[in-house]
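Participant: Listed below are the residues making up each chain.
There are 2 protein chains.
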Amino acid sequence: MEFNLADTVEILRRTPSVLETLLIGLSKEWLEGNEGDNTWSPHIVMGHLIFSEENNWIPRLRKILSVRDNKFTPFDRFAQLTLYKDFSTEDLLRKFSDARKESLLTLSTIPLPKEKLNMKGIHPDLGEVTLSQLLSTWTVHDLDHINQISRVMAKQYHEAVGPWKNYLGVLKRPI
Amino acid sequence: MEFNLADTVEILRRTPSVLETLLIGLSKEWLEGNEGDNTWSPHIVMGHLIFSEENNWIPRLRKILSVRDNKFTPFDRFAQLTLYKDFSTEDLLRKFSDARKESLLTLSTIPLPKEKLNMKGIHPDLGEVTLSQLLSTWTVHDLDHINQISRVMAKQYHEAVGPWKNYLGVLKRPI
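Chains as they are written, first to last, in numbering that gives the first Met the number 0: chain A, 0 to 174; chain L, 0 to 174.
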């Protein structure tokens with residue numbers, strides 16, 4: 000499937016509602032269970048999504064479009080562990096939804112004809128990346144974390160399913 | 000995390016809305032893309048969820064409670080490939096939502112005190128399984144297919160993300 004802005008926005012637009020529908024009102028065991036020491040619970044993933052929203056996607060898109068200063072700032076994958084320590088999961092879901100709305104509003108005001116999609120930024124580790132690759136990654140990053148949250152939640156019932164654990168692929172997937 | 004009926008129903012109740020929020024209105028490329036020959040698209044997964052709903056969970060729960068005839072009927076993992084061939088994904092989402100509502104209504108009318116949770120059925124391959132293991136598996140099965148759908152969708156952008164593909168774990172996960 001080739002990158003297409005409309006298809007991409009269709010996913011980005013719905014991620015906050017998907018996560019709210021999946022998580023709001025669940026018990027702490029579902030929200031704060033993880034996959035072992037130093038792994039992420041759904042709660043921690045929500046903090047990471049907010050921090051990514053505020054520091055990765057639109058800021059990097061602006062860097063690419065600025066041309067003069069197209070080097071990306073390195074991203075802190077662990078910022079959420081301290082930044083959102085005292086937030087409830089519902090707070091994080093609301094904050095993510097607001098941040099995403101703002102990102103998409105900004106995105107909608109930037110004209111992106113085909114030639115701009117090939118403009119380049121410099122990623123601190125990956126080197127040259129294009130604007131369309133950045134937008135595609137934003138989308139896959141959403142799906143990756145929906146994937147992670149569903150896996151982490153499923154694993155909380157690893158023992159409860161008894162002999163069925165051999166039939167449920169999600170329980171065997173590594174971190 | 001130990002099995003608990005209220006926690007379990009909390010997940011089962013929301014799965015249809017999670018899938019509707021994730022899938023309704025998406026383009027065919029997102030809905031019908033798969034992971035290669037003989038693998039499932041989100042559309043095919045929806046058919047499997049309906050067939051499971053109609054043939055697995057409540058029917059097997061009734062078998063366990065019947066005591067006299069507690070042998071489960073084998074399950075056809077491929078029935079959806081022919082049964083729902085002419086349905087749109089939206090039809091399938093609606094049908095799954097209706098089927099799940101009916102299952103949960105039935106479940107709510109069956110008293111399940113602690114001692115009943117240990118009652119047993121005979122699975123065609125796994126042998127003895129308990130009622131609480133069946134209900135836990137129903138829950139993990141939902142999460143497993145949310146996990147699968149998010150992975151299959153992500154993989155449609157495998158090429159579009161360019162060099163980022165090495166950073167996005169979901170793109171490297173096998174079927």
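No lab work stands behind these hints, which were simulated from the structure alone.
Since this is a predicted model, take the numbers as computed values, not measurements.
Treat the hints with care, since some could be wrong.
It does not matter which identical chain is used: a pair holds within one copy or between any two.
[As the list claims (entries may be wrong)] List of simulated lysine to any residue pairs, SDA-like, C-alpha gap at most 20 Å:
1) K164 <-> N3
2) K171 <-> V66
3) K171 <-> E19
4) K113 <-> Y83
5) K100 <-> N117
6) K113 <-> I174
7) K119 <-> L25
8) K113 <-> F74
9) K84 <-> D36
Participant: Next, verify each hint and record whether it holds.
Facilitator: Now for the hints, and whether the structure bears them out:
| no. | hint | verdict |
| --- | --- | --- |
| 1 | K164 <-> N3 | between (39 Å within a copy, 18 Å between copies) |
| 2 | K171 <-> V66 | neither (45 Å within a copy, 32 Å between copies) |
| 3 | K171 <-> E19 | neither (26 Å within a copy, 26 Å between copies) |
| 4 | K113 <-> Y83 | neither (38 Å within a copy, 39 Å between copies) |
| 5 | K100 <-> N117 | neither (25 Å within a copy, 47 Å between copies) |
| 6 | K113 <-> I174 | neither (37 Å within a copy, 33 Å between copies) |
| 7 | K119 <-> L25 | neither (42 Å within a copy, 29 Å between copies) |
| 8 | K113 <-> F74 | neither (27 Å within a copy, 49 Å between copies) |
| 9 | K84 <-> D36 | within (17 Å within a copy, 45 Å between copies) |
Checked against the numbered hints above, the structure breaks hints 2, 3, 4, 5, 6, 7 and 8 and satisfies the rest.
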